[in-house]
Amino acid sequence: MTSTQEQSSYGRLCQLLVFLGTGVLKETFDRIISPENLWKHLKGFRVHRTLKSLQKQRILTSKHWRQLYPKPASSVSSKEFDFTLLMVLLRTVCELAPPTAGWDTHPLPADTSQEADIARLRCFFNTVFRHADKSCVSDAEYIRYSENIREVLVRLGGTCYGDAMDKIMNQKMDSVTEEHYKELLKQLMKKEDSIKDKMNELESAMETSGDEGEFEL
0 MTSTQEQSSY GRLCQLLVFL GTGVLKETFD RIISPENLWK HLKGFRVHRT
50 LKSLQKQRIL TSKHWRQLYP KPASSVSSKE FDFTLLMVLL RTVCELAPPT
100 AGWDTHPLPA DTSQEADIAR LRCFFNTVFR HADKSCVSDA EYIRYSENIR
150 EVLVRLGGTC YGDAMDKIMN QKMDSVTEEH YKELLKQLMK KEDSIKDKMN
200 ELESAMETSG DEGEFEL
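Residues in the sequence shown are numbered from 0 upward in steps of one, following numbering that gives the first Met the number 0.
Everything labelled a hint here was simulated from the structure, so no lab data went into it.
Careful, some of the hints might be misleading.
DSS-like mimics (lysine-lysine), calculated; alpha carbons at most 30 Å apart, straight line [what the hints assert, rightly or not]:
1. Lys185 - Lys166
2. Lys51 - Lys78
3. Lys195 - Lys55
4. Lys197 - Lys62
5. Lys39 - Lys197
6. Lys42 - Lys197
7. Lys42 - Lys190
8. Lys166 - Lys25
9. Lys39 - Lys51
10. Lys39 - Lys55
Kindly produce the complete structure, drawing on both the sequences and the hints.
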């Protein structure tokens with residue numbers, strides 16, 4: 000492969016994750032909490048208390064808070080949620096049990112549960128982003144990563160995600176589009192790293208004090 004091809008392959012992986020990865024998380028979230036019941040779920044005492052704690056810890060940004068609690072409240076929609084917010088919500092207020100290996104560790108291959116695939120998708124973001132400095136991946140890496148991503152997207156969202164992947168992988172990508180998705184992944188991973196550190200710090204503090212306080216996982 001030429002350098003240009005390797006860079007294009009990295010750009011396609013970024014597009015697959017940012018575009019389809021976010022899309023499948025929205026669908027997963029909507030299956031757990033239906034759009035018509037979302038505003039009622041968010042105003043519930045326990046859920047609101049948990050999210051308010053996350054806001055105080057700056058895990059949820061002011062933008063996230065406005066998306067969760069717009070005016071009127073009934074206008075809230077997951078269509079406005081980004082990958083970072085969806086991951087936080089799935090982890091904290093959707094009553095999902097953490098995968099055996101935890102939310103921040105790549106699940107064991109045999110674990111193909113919904114929770115494991117959510118964690119696995121997040122790990123794929125980290126794996127691909129490790130190539131950001133050189134902004135390219137080899138042919139073998141591209142094939143391996145895309146196959147792994149396909150398996151998770153199809154399990155979470157159905158065969159339509161496999162078709163969508165094929166379309167992205169087979170269409171020509173110009174340099175502007177490549178850079179757009181590379182930058183989106185970069186910005187998203189900055190948010191993810193910041194939130195991950197704060198979540199871990201908060202969990203460690205609660206374990207040390209033995210007091211769960213208002214924050215619930």
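Results for each hint:
1. Lys185 - Lys166: This hinted pair holds, its Cα atoms lying about 23 Å apart.
2. Lys51 - Lys78: Holds: Lys51 and Lys78 sit about 21 Å apart, inside 30 Å.
3. Lys195 - Lys55: 15 Å, holds
4. Lys197 - Lys62: 18 Å, holds
5. Lys39 - Lys197: 28 Å, holds
6. Lys42 - Lys197: Holds, at about 24 Å.
7. Lys42 - Lys190: 25 Å, holds
8. Lys166 - Lys25: 20 Å, holds
9. Lys39 - Lys51: 16 Å, holds
10. Lys39 - Lys55: 22 Å, holds
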